[in-house]
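Chemist: Chain residues, written in single-letter form:
There are 2 protein chains.
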Amino acid sequence: MLLTTPLTIRSGQKGCPPLRKNRDAINIHPLQTGGMLDEAAMTALAAYGDGYAICDYCNGCLDTIANPPVKDLTREILPSFLGCDTVRLTTGAREGKFIVFHALTRPGDTILVDANRHYSTHVAAERTGLRIVEVPNSGYPEYRIDVRDYIPLIERHRPALMLLTYPDGNYGNLPDAGELGAIARRYGVPLLINGAYSVGRLPVSLAETGADFIVASAHKSMASTGPLGLLGMRKKWEGVLLKTSEKYPRKEIEFLGCTARGAGVVTLMASMPRLVERVRTWDRQVAKARWFCREMEKLGIRQLGEKEHRHDLIAFESPRLYEISQSRRQKGYFLYKELKKRRIWGIRPGQTRKFKVSTFAATREELQAVIDAFRDIIERFA
Amino acid sequence: MLLTTPLTIRSGQKGCPPLRKNRDAINIHPLQTGGMLDEAAMTALAAYGDGYAICDYCNGCLDTIANPPVKDLTREILPSFLGCDTVRLTTGAREGKFIVFHALTRPGDTILVDANRHYSTHVAAERTGLRIVEVPNSGYPEYRIDVRDYIPLIERHRPALMLLTYPDGNYGNLPDAGELGAIARRYGVPLLINGAYSVGRLPVSLAETGADFIVASAHKSMASTGPLGLLGMRKKWEGVLLKTSEKYPRKEIEFLGCTARGAGVVTLMASMPRLVERVRTWDRQVAKARWFCREMEKLGIRQLGEKEHRHDLIAFESPRLYEISQSRRQKGYFLYKELKKRRIWGIRPGQTRKFKVSTFAATREELQAVIDAFRDIIERFA
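Protein chains in written order, with the working numbering: chain A, 7 to 388; chain B, 7 to 388.
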C-alpha cells in the first residue's frame, strides 16, 4: 500500500504548532486555572513524554506499575485523597461518567441529573441510550440546585442512577452533596458525583457525601497534562465496574484493559504534594473569590450563581459592557481584545453580556489588575 | 466536606515520579520504538503541557481549533496521510475500535477478527457485548493469516463487522489487507483495519485497501505523547459514527463531545513532517529488520512469523537461552538483566525462550551491538 497523496510538510509550515503566547498573562480562564503545571510536573512531563514511556516496567496492568509509582498513586494516595475505597485512572471525567453509565444501566433506563450538569453528562447518557430527567435549578439569578428536588423525581421515575455536578461549570454552585447522599441511600439509588471542578481544588471525600462514585478531571483541577481523569468508587461496586475479560483476567473490560497510558499520569504524581497542600487552603480561595465578586459588583457587573459565592468559578452579567460592545467595531470580541491587550487571558471571545472567570490561579494583586482593567474599559468606552 | 485521611506527601517522597533511566540505552522495546519524540515534539509538549492548553482558542469542537492548528491536522494532513475521507482524534487505537463496534453493532452481533488480534480488540468487543469469531492463523512457526480464510466464516456467521490486525503485535505479520478489502466489499461486510503498528511506520492508505475504517496509535507508531490515537473512515460512515447530540449539535456522541484534549495532539503535529518522511524509507526499515533476523539466526535464535519478514516487530525463540536461564540464579530475568547491563533496553523481564524486539529506532550499528551482546551472552554462559 502506498500513500495516494504525495503529502509534503516541513517544520514551520502549515500544520505545525506555534509556541503558546498566553502563558505569561494573568490567567482567569475557567478551564485552565486548575490545570497549570509547576516546574516539578513539567520536568516529569519531559522525562515521560515519549509514547509508552510510563510502560517501561508495566506487567500488564497500569494500576500496578511500580516505576514510576503508579501503584502508590492509584492504590494509596488517590483513594486517601478522594476519601474512597478504590480509584481508577481514566482519560477524563466524561469517560468516567460513561464507564459508570455503561456498567450500571441498560439502554432505556432513566437517570436523574441536575439541570446545571455539564454537556458531556448529557452526551455520555445519550451514548448509553438513557432517558435523562433533569432536576431543575432555581433560575435567574442564582440557579441553585436544591437537592430535595430530587425526591419527587426519584419517586416518579425510579431512576437507575443519579448524578450531581459539584460544582457546576456555569455558575460554580456547590449543592448539598451530603444531603443528596443521604437521600440516595434512603431510596437505594446509586449516586455519582461529578467533581471535575472540585477534586484538586477543595477538600472532597466520597465517604462523607455518602455517594457511590466520583469522577475527577486531572487536566481541569489537578495540575496535570490531559487527557487524564479519575473514577473513585465504594468497594461494593468493584464487582460491577471492574469486571475483567473472560480471556484476559488482568484486563478490566469497562476500561478497555488500560486507560491513561501517557505522561499525564506522572504530571499528576508530581503535582500531588501541591494538591494536598492547596485543598487545605480552600477557605482562602473562597475569600479571594468573594472579594473579587464584591469589587466587580461595585463596577455594575453582577455576579450570578449562589450568594455568598463558594467557588472560584464565577459567572457575571454586564448589560453595560454589552451596550458598549454594540457601538464598537469588534462587537462581542471587544471585551476579549481589550483584556488581552492588558495581558489578561481567559474571557471567551464573543462574550460581553455574560461571561465566566476563575480566580483560582491569580493572586490578589493580579486580580486587582483585572478589576482595574474592567474599570478602565468601562470608563474609557462608556 | 473535609478530607477524612490527613494525607501528607512531599516532593521526593513515596509516590513521586523518578527520572527515567533508560532513555540513553539502545531501545528495542516493541511498544516504544515508534513513539519516541524528537526535539521539536518535546518543545511542543512543554509549550502545551498545562491542562487544557490546546483549548486556548477552542470554539466547542477540538477538530476545528485553528491555533494550534488542530483543524489543518485533522481535516487535511491526517486524511491525506491515511488515504481516507475523514479522521477523528481518539485517545488510542482501542478506543477507536470500541467507537466503531459501539456505533455499528448491537449486543449479540458477531464480528470476525484475525487470531493474531491485540487483546484490546477482544476486550472492546466484550464491552460491546459481541460474539467474537476468530479467523485462525497457520500456527507455528509463521502464524500467517490467510485472508481467504475469512470467506467461509463470513458465509457461516454473517458478521456485522470484520477486523484485520495490520500488522499484529506478536509476530509483525502483514496479511493481505487489499485482498480482504475486496472480499469485504463483495460480501458487503464493513472492514476495520487495526493499524496501530503500521500508521506512522509504513505507507498505509485506507482507500487502497478498500476497507471502511482504520485505527492508529499515535503513542505507539507516530512519535507522540499518549494517550492519542486516530480513527479514519470513508465518508459513507460519517452519518453513523459522527452522529451529534440532539441537544448539542457540535458534539459527536460516540466521541463524548471531545477526545484527546491534551498535549499529545501538538506532539503529533510537531512529528508529522518526520512521519511523512519516515514512511517513505520503509523499505530500508524492512531491509534492516531482515538483516537483523539473519544475524540472530546465525546465533541459533529462530525468527518466528512470516519469512521473509516484512516489519520491524520481530518474535524470536531461543531454547538455548532458555536452557541457560534455568541454570542461572535470576532464571527468566537473566536475559533482561544481561542486556540491561549492556545498555540494551526492551526485552521483557521473564522472557528467554520466546521474546519480541523492534528494530525500528536503532541504527544498524546499534543493532550490531545487540547482536554482539546476544553472542557474548550465549558464549559466556553456554
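These are computed hints drawn from the structure, not numbers from a lab. Please note that a few of the clues may not be correct.
Copies of the same chain look alike in the list, so a pair counts if it works inside one copy or between any two.
[What the hints assert, rightly or not] Derived pair list, reagent style EDC-like, types lysine to aspartate or glutamate, alpha-carbon separation capped at 20 Å:
no.	residue 1	residue 2
1	Lys242	Glu214
2	Lys253	Glu140
3	Lys346	Glu371
4	Lys257	Glu161
5	Lys346	Glu45
6	Lys253	Asp115
7	Lys249	Glu45
8	Lys313	Glu385
9	Lys346	Glu82
10	Lys294	Asp62
11	Lys346	Asp62
12	Lys337	Glu244
13	Lys347	Asp382
14	Lys304	Asp69
15	Lys343	Asp62
16	Lys360	Glu45
17	Lys360	Asp62
18	Lys347	Asp62
19	Lys304	Asp44
20	Lys249	Asp152
21	Lys241	Glu82
Chemist: State for each hint whether it applies.
Modeler: Status of the hints after comparison with the structure:
1. Taking identical chains as interchangeable, the C-alpha atoms of Lys242 and Glu214 lie at most 20 Å apart only when both belong to the same chain, with a minimum of 16 Å there against 50 Å between chains.
2. In this homomeric assembly, Lys253 and Glu140 come within 20 Å of each other (Cα to Cα) only across copies, at 13 Å, whereas the closest approach inside a single copy is 40 Å.
3. In this homomeric assembly, Lys346 and Glu371 come within 20 Å of each other (Cα to Cα) only inside a single copy, at 17 Å, whereas the closest approach across copies is 53 Å.
4. With identical chains, the CA atoms of Lys257 and Glu161 are never at most 20 Å apart, being 38 Å at best within one copy and 32 Å at best between copies.
5. Proximity of Lys346 and Glu45 under a CA criterion of 20 Å is satisfied in neither setting, with 25 Å inside one chain copy and 30 Å between copies.
6. When the C-alpha separation of Lys253 and Asp115 is checked against a cutoff of 20 Å, the pair qualifies only between copies, where the shortest distance is 19 Å, while the shortest distance within a copy is 29 Å.
7. Taking the closest pair of Cα atoms, Lys249 and Glu45 never come within 20 Å of each other, the shortest separation being 38 Å inside a single copy and 41 Å across copies.
8. In this homomeric assembly, Lys313 and Glu385 never come within 20 Å of each other (Cα to Cα): the closest approach is 27 Å inside a single copy and 78 Å across copies.
9. In this assembly of identical chains, Lys346 and Glu82 lie within 20 Å of each other by CA distance neither inside one copy nor across copies; the values are 42 Å within and 30 Å between.
10. For the homomeric pair Lys294 and Asp62, neither the shortest alpha-carbon distance inside one copy (43 Å) nor that between copies (25 Å) is at most 20 Å.
11. In this assembly of identical chains, Lys346 and Asp62 lie within 20 Å of each other by CA distance solely across copies; the values are 12 Å between and 43 Å within a copy.
12. In this assembly of identical chains, the alpha carbons of Lys337 and Glu244 never lie at most 20 Å apart, being 53 Å within a copy and 36 Å across copies at closest.
13. In the homo-oligomer, the alpha carbons of Lys347 and Asp382 lie at most 20 Å apart inside one protomer (12 Å), although the nearest pairing across protomers, at 65 Å, exceeds that limit.
14. Taking identical chains as interchangeable, the C-alpha atoms of Lys304 and Asp69 are never at most 20 Å apart, the minima being 50 Å within one chain and 40 Å between chains.
15. With identical chains, the CA atoms of Lys343 and Asp62 are at most 20 Å apart between copies only, with a shortest distance of 14 Å across copies and 46 Å within one.
16. Taking CA atoms no more than 20 Å apart as the test, Lys360 paired with Glu45 passes in neither setting, with 35 Å inside one copy and 42 Å between copies.
17. Only between protomers do Lys360 and Asp62 lie at most 20 Å apart by alpha-carbon distance; the minimum there is 19 Å, versus 48 Å within a single protomer.
18. Within a single copy, Lys347 and Asp62 get their C-alpha atoms only as close as 45 Å, which misses the 20 Å cut-off; across copies the closest is 16 Å, which meets it.
19. Taking CA atoms no more than 20 Å apart as the test, Lys304 paired with Asp44 passes in neither setting, with 34 Å inside one copy and 52 Å between copies.
20. Taking identical chains as interchangeable, the C-alpha atoms of Lys249 and Asp152 are never at most 20 Å apart, the minima being 35 Å within one chain and 34 Å between chains.
21. When the C-alpha separation of Lys241 and Glu82 is checked against a cutoff of 20 Å, the pair qualifies only within one copy, where the shortest distance is 14 Å, while the shortest distance between copies is 47 Å.
The structure fails hints 4, 5, 7, 8, 9, 10, 12, 14, 16, 19 and 20 (numbered hints given earlier, in ascending order).
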